[in-house]
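Chemist: Listed in order, the protein sequences are those of chains G and V. For the first sequence, this note's numbering assigns the number 3 to the initial residue and increments by one for each residue that follows. For the second sequence, this note's numbering assigns the number 7 to the initial residue and increments by one for each residue that follows.
Be careful, since some hints might not be right.
To be verified - Computed list of lysine to any residue pairs in SDA-like fashion (alpha-carbon distance at most 20 angstroms, straight line):
#1 G/Lys349 x V/Glu116
#2 V/Lys73 x V/Val109
#3 G/Lys277 x V/Ile148
#4 G/Lys184 x V/Ala159
#5 G/Lys277 x G/Ser300
Honestly, the hints are just simulated from the structure, not real lab data.
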Amino acid sequence: MHILSRYLAIPFVLFFILLRPVSAALTIDITQGVDDALPIAVVPFKWAGSGPTRGSTTAAPENVASIVASDLRRSGRFAPVPDKNLVGRPSHGSQVNYTAWRALGIDNLVVGHIAPLVDGTYEVQFQLLDMYKAEQIIGYKIRSRRANLRRTAHQISDLIYKALMGVQGAFDTNVCYVTVTKNRQQQNVYRLAIADSDGYNEKIILETQSPILSPSWSPNGLQLAYVKISSRYGAEIYIQSILTGQAKRIGVTRRKSSAPAWSPDGKKLALTLYKDGNAEIYIHDLKTQKSQRITRNSAADTEPAWLPDGSAIIFTSDRGTGPQLYQVSIASHGASGRPQRLTFEGKYNARASISPDGKFIAMVHRIEGSYRIAVLERSTGYLRVLTESRLDESPSFAPNGSMIIYATEYRNRGVLAAVSVDGRARQRLQLNRGDVREPAWSFFKQ
Amino acid sequence: MKKQLSLVLLASVFGLMVGCSSTTKQDDSTSSADGTVSGADSTKGANVGDAGSASKLAGDQADALSKRVIYFDFDSSDVTSEARDIISAHAQNLSQNTGLSIVLEGHADERGTREYNVALGDRRAKAVKQLLVVQGVQSSQIQVISFGEERPAAVGHDESAWSLNRRVELLYSGS
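For reference, chain G alone in the conformation it holds in the complex:
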């Protein structure tokens, strides 16, 4: 209630604090919305159970409508109406006064209810309504459990996004990232964390005093590959199960390895090995534990990323002047053909992330002494700089290609931010304390 009133106090600033901040490790600020964002209203879902009411909202275990509205707002594509401006509290399409909502300038309305069932589960029903045609666009009944209600809300957001935008939403997904804090001895403590795409349900899966970097999701979302740099062995790649927490170093012998990238089929890792005198790209077969060499030259080749169809790898190399992106085709026997240079604008282009449709490459691009996130359209070669800070890095596409999450600095702290591929929508995700970096957006849940 306290948080809700804070939210209501500043309805016109595109800024909000998530409910229950105690359990939220991240706060998300929308720093730039889209001018033509769609006006939509998400009416608090009617609670069909018994129990105390909480202000004007219901006493359902989760405020599903609020989570949905936050999701939609965060995408930059929607402008949900504040609760206090709602003209009525319908919970079903049959109760909607379309004229009144049209007068409010609302194109679409979301109504629904949550009912506890005798077996302890919940039924969440919602409808997305078109105010001008006065008809239902979509309507669903979803069975959920108490612990799953947030996820159900994200799934509802995905359905609404798909119905109105034509592409699948990426709300029911995860992000992983690395946080860094100081312990009492002023030593760095690194944590590898996983959270919902809105920053909730953070789980720490690894805590260590060795630097962690480059987390990479397995396509099935069950494992993370990452790099740990120890004083004794240097950089080494580990694969950790998210469910069991069990971590295993890859390879039969100890050797310096870095920059893991899971192949689209989940069977291999593209990675960097340092055994040849300099950094070279290899493909490591997770079953046979054998590595196949892809690059061969005296320059540093690193940061491999797969095309979504697995037909090529895009990587960073300073074989020319300074680091640039190159593409090499992959056949069953290894590299096929010579690597082709992809970036020509600027003297520093590195750390490629490829959009799920394969059409765009996000990268770190240096311009006027600053490191920013840029996107290259592969078909035209057109490069667009998306961000404006000094030290932006580690771009990672959302699985629907709509947003790119990346690491940046804000008030001398490492924070995460996200920007839409067209640069129009932006948001910042702030951790309660310490630095946060190295974000990677998961694939769609299977």
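Following the hints, complete the assembly by docking chain V onto the known chain G.
Modeler: Coordinates of chain V only, in the frame set by chain G:
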């Protein structure tokens, strides 16, 4: 607490400047190189001024041996002439004492991507290793580790910190 830290940092920077009369000059030239953002081009210019002081110290083996950090220019793994004298002293020490072993820890400043900086730190450390090996040190005495930008020596987001972070540390172990 914060004040104390920055004082310590200041003191250590000051100490460095006293230790090497040309440090100030090095700072100037590297920061101008940074302004043009073409670090690779400025590699040679940055430490030419050190030659005088370095040759003065060249005979003093103990002094060179006491230096255990080699600094680099932006996005560069080229070893400067002053650093070569330091490395030579360590090469002599290691080749005469084969029981000694050394870890070469390569580092980069915070700019650019983390993985590319791991590769850069590795290349810096291997550049030092190569100079040790050609001067008679056994490969088995040397271990190379890159921390990329993850273990900065100086905190801060400007050239004065960056120039201290682009480095290879020579860490002796064994007996």
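Chemist: Is the straight-line distance between the alpha-carbon of G/Lys184 and that of V/Ala159 20 angstroms or less?
Modeler: holds, 16 angstroms
Chemist: Between V/Lys73 and V/Val109, is the straight-line Cα distance small enough, at 20 angstroms or below?
Modeler: holds, 14 angstroms
Chemist: For a C-alpha distance cap of 20 angstroms, please report whether G/Lys349 and V/Glu116 respect it.
Modeler: At roughly 17 angstroms apart (the allowed maximum being 20 angstroms), V/Glu116 and G/Lys349 satisfy the hint.
Chemist: Has the given pair, G/Lys277 with V/Ile148, been kept, meaning a C-alpha gap of at most 20 angstroms?
Modeler: The hint holds at about 14 angstroms.
Chemist: Check the hint pairing G/Lys277 with G/Ser300 against an upper bound of 20 angstroms on the C-alpha distance.
Modeler: Holds, at about 12 angstroms.
The structure is consistent with each of the numbered hints, conforming to all of them.
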